[in-house]
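2 protein chains.
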Amino acid sequence: MSSGTLYGVGLGPGAQDLMSLRADRLVRGARHLAYFRKAGRKGQARAIVEGMLRPDVVEFPMEYPVTTEIPLDDPRYNEILAAFYAQCTAHLRALMAQGADVVVLCEGDPFFYGSFMHLYTRLRGSVPIEVVPGITGMSGAWTATGQPITWGDDVLTVLMATLPEEVLREKIANTDALVVMKIGRNLPKLKRALAQAGRLDDAWIVEYAQMPRQRVMRLSEAEAVTPYFSIVLIHGQGRRP
Amino acid sequence: MSSGTLYGVGLGPGAQDLMSLRADRLVRGARHLAYFRKAGRKGQARAIVEGMLRPDVVEFPMEYPVTTEIPLDDPRYNEILAAFYAQCTAHLRALMAQGADVVVLCEGDPFFYGSFMHLYTRLRGSVPIEVVPGITGMSGAWTATGQPITWGDDVLTVLMATLPEEVLREKIANTDALVVMKIGRNLPKLKRALAQAGRLDDAWIVEYAQMPRQRVMRLSEAEAVTPYFSIVLIHGQGRRP
Chain A
6 MSSGTLYGVG LGPGAQDLMS LRADRLVRGA RHLAYFRKAG RKGQARAIVE GMLRPDVVEF
66 PMEYPVTTEI PLDDPRYNEI LAAFYAQCTA HLRALMAQGA DVVVLCEGDP FFYGSFMHLY
126 TRLRGSVPIE VVPGITGMSG AWTATGQPIT WGDDVLTVLM ATLPEEVLRE KIANTDALVV
186 MKIGRNLPKL KRALAQAGRL DDAWIVEYAQ MPRQRVMRLS EAEAVTPYFS IVLIHGQGRR
246 P
Chain B
6 MSSGTLYGVG LGPGAQDLMS LRADRLVRGA RHLAYFRKAG RKGQARAIVE GMLRPDVVEF
66 PMEYPVTTEI PLDDPRYNEI LAAFYAQCTA HLRALMAQGA DVVVLCEGDP FFYGSFMHLY
126 TRLRGSVPIE VVPGITGMSG AWTATGQPIT WGDDVLTVLM ATLPEEVLRE KIANTDALVV
186 MKIGRNLPKL KRALAQAGRL DDAWIVEYAQ MPRQRVMRLS EAEAVTPYFS IVLIHGQGRR
246 P
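Protein chains in written order, with this note's numbering: chain A, 6 to 246; chain B, 6 to 246.
I should point out that these hints are in silico values taken from the structure, not numbers from a laboratory. One should not assume that every hint holds.
[Said to hold, decoys possible] Computed Cβ-Cβ distance ranges for the label pairs, DEER-style:
no., chain 1, residue 1, chain 2, residue 2, range
1, A, 65, B, 172, 46 to 56 Å
2, B, 44, A, 223, 38 to 48 Å
3, B, 79, A, 57, 44 to 54 Å
4, A, 175, B, 245, 23 to 33 Å
5, A, 222, B, 126, 42 to 52 Å
6, A, 87, B, 80, 22 to 32 Å
Note that the Cβ used here is the ideal one computed from N, Cα and C, for glycine as well.
Let's have the full structure, built from the sequences with the hints guiding it.
Pasting the structure below:
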């Protein structure tokens, strides 16, 4: 029997009608659907496709092991996650060996800081894989601010707020336009780095971009607490006639 | 009579089925359709929507004035473009004053280095405007390479090849992942900057991403000539379990 295909499908920032036609068709037709989520949660990717699924869909929620107690640089962190991805991969491989196609839901774009990449690198070469790009969360966020992110020759830097404070400060001081992701409890560190780089007053924060709960604020006026998926932006001011 | 609405619609990288459902609906329903193009060309944005338009559509091609003889820093360059955008804006404003909605086609994402922004900043506040984000050309390009662009805490830098060589070199030397756009005749300069930064061998070039003519090559193996819309990439190699 020939192998099924793995589809890594970018869902975009959150609104169903910001999904591509190709993604929409694959999600609606999926008999086997896989997605990552935190244990005990519905999962953001799964929430986006609510109401779109076949009645006979078979869902495979891949629940992240709890690692909040373990620092990122502890070898146990990598061991636990590697075992988790191996387990997910084995299940997907078994389905595809029976000829089944599997759609993996990906928030935003699958190849842009996405969890799908961990499955992709493990399965590439052994099963057919197709990746469908999506509108990134950052596009959703800058659109929500009502201001273009980059003009002319502007340099855009994309940073994760999980980086050390001094790295954030240096990168923020040396770019025109800025996007920062993975914020959550890194917000105080990020605000200090922005202030030290002299750019706190230019920064905006978007929570739940392109979703019903969307909020857009100047970062200087935001509360101290924000979701992990919030995005901080500084708009470029480059050349324009 | 109440004003029509201006829609800035991101079409994505090129394939019709990578358009969002929202963009697809707006394009198919448009009575008035505007788009930028080079004089004498069909235009890339217009080509993407071929076969999707209403039979009674009214098209308004906005043809860039020829500026190739004038350096970017010559004041005449800005004067000519400013007059062009004023002329386009006046036409759109007149249509909307008659109550007509107008869809402006935008390759990729409207707020990411897009020409639509020049209309947007001139019309904002005087007419209703809605912006529909799209899949960026760079997402289309990294998907085409079959390799994720960013992992873990990777820093992504987006550069225009129109920047001075020493700026390109310094930025390329100080990032994990890289995207370079607006290439065309800046290719030799970009290759020198990549080589000086020690990263030429890591670079890929994607021509016509997600279009029938798509080509993906290592930059070191590419010809000396490439289209303006080609994208050069270096994939991040960040943390992964």
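Checked hints:
Checked against the hint of 46 to 56 Å, the pair residue 65(A) and residue 172(B) passes, with Cβ atoms roughly 47 Å apart. Between residue 44(B) and residue 223(A) the CB atoms are about 42 Å apart, so this pair conforms to the stated range of 38 to 48 Å. About 53 Å separates the C-beta atoms of residue 79(B) and residue 57(A), a value consistent with the hinted range of 44 to 54 Å. Checked against the hint of 23 to 33 Å, the pair residue 175(A) and residue 245(B) passes, with Cβ atoms roughly 24 Å apart.
Distance hint for residue 222(A) and residue 126(B): a CB-CB separation of about 22 Å, inconsistent with the stated range 42 to 52 Å. Hint check: residue 87(A) to residue 80(B), Cβ distance near 59 Å, so the stated range 22 to 32 Å is violated.
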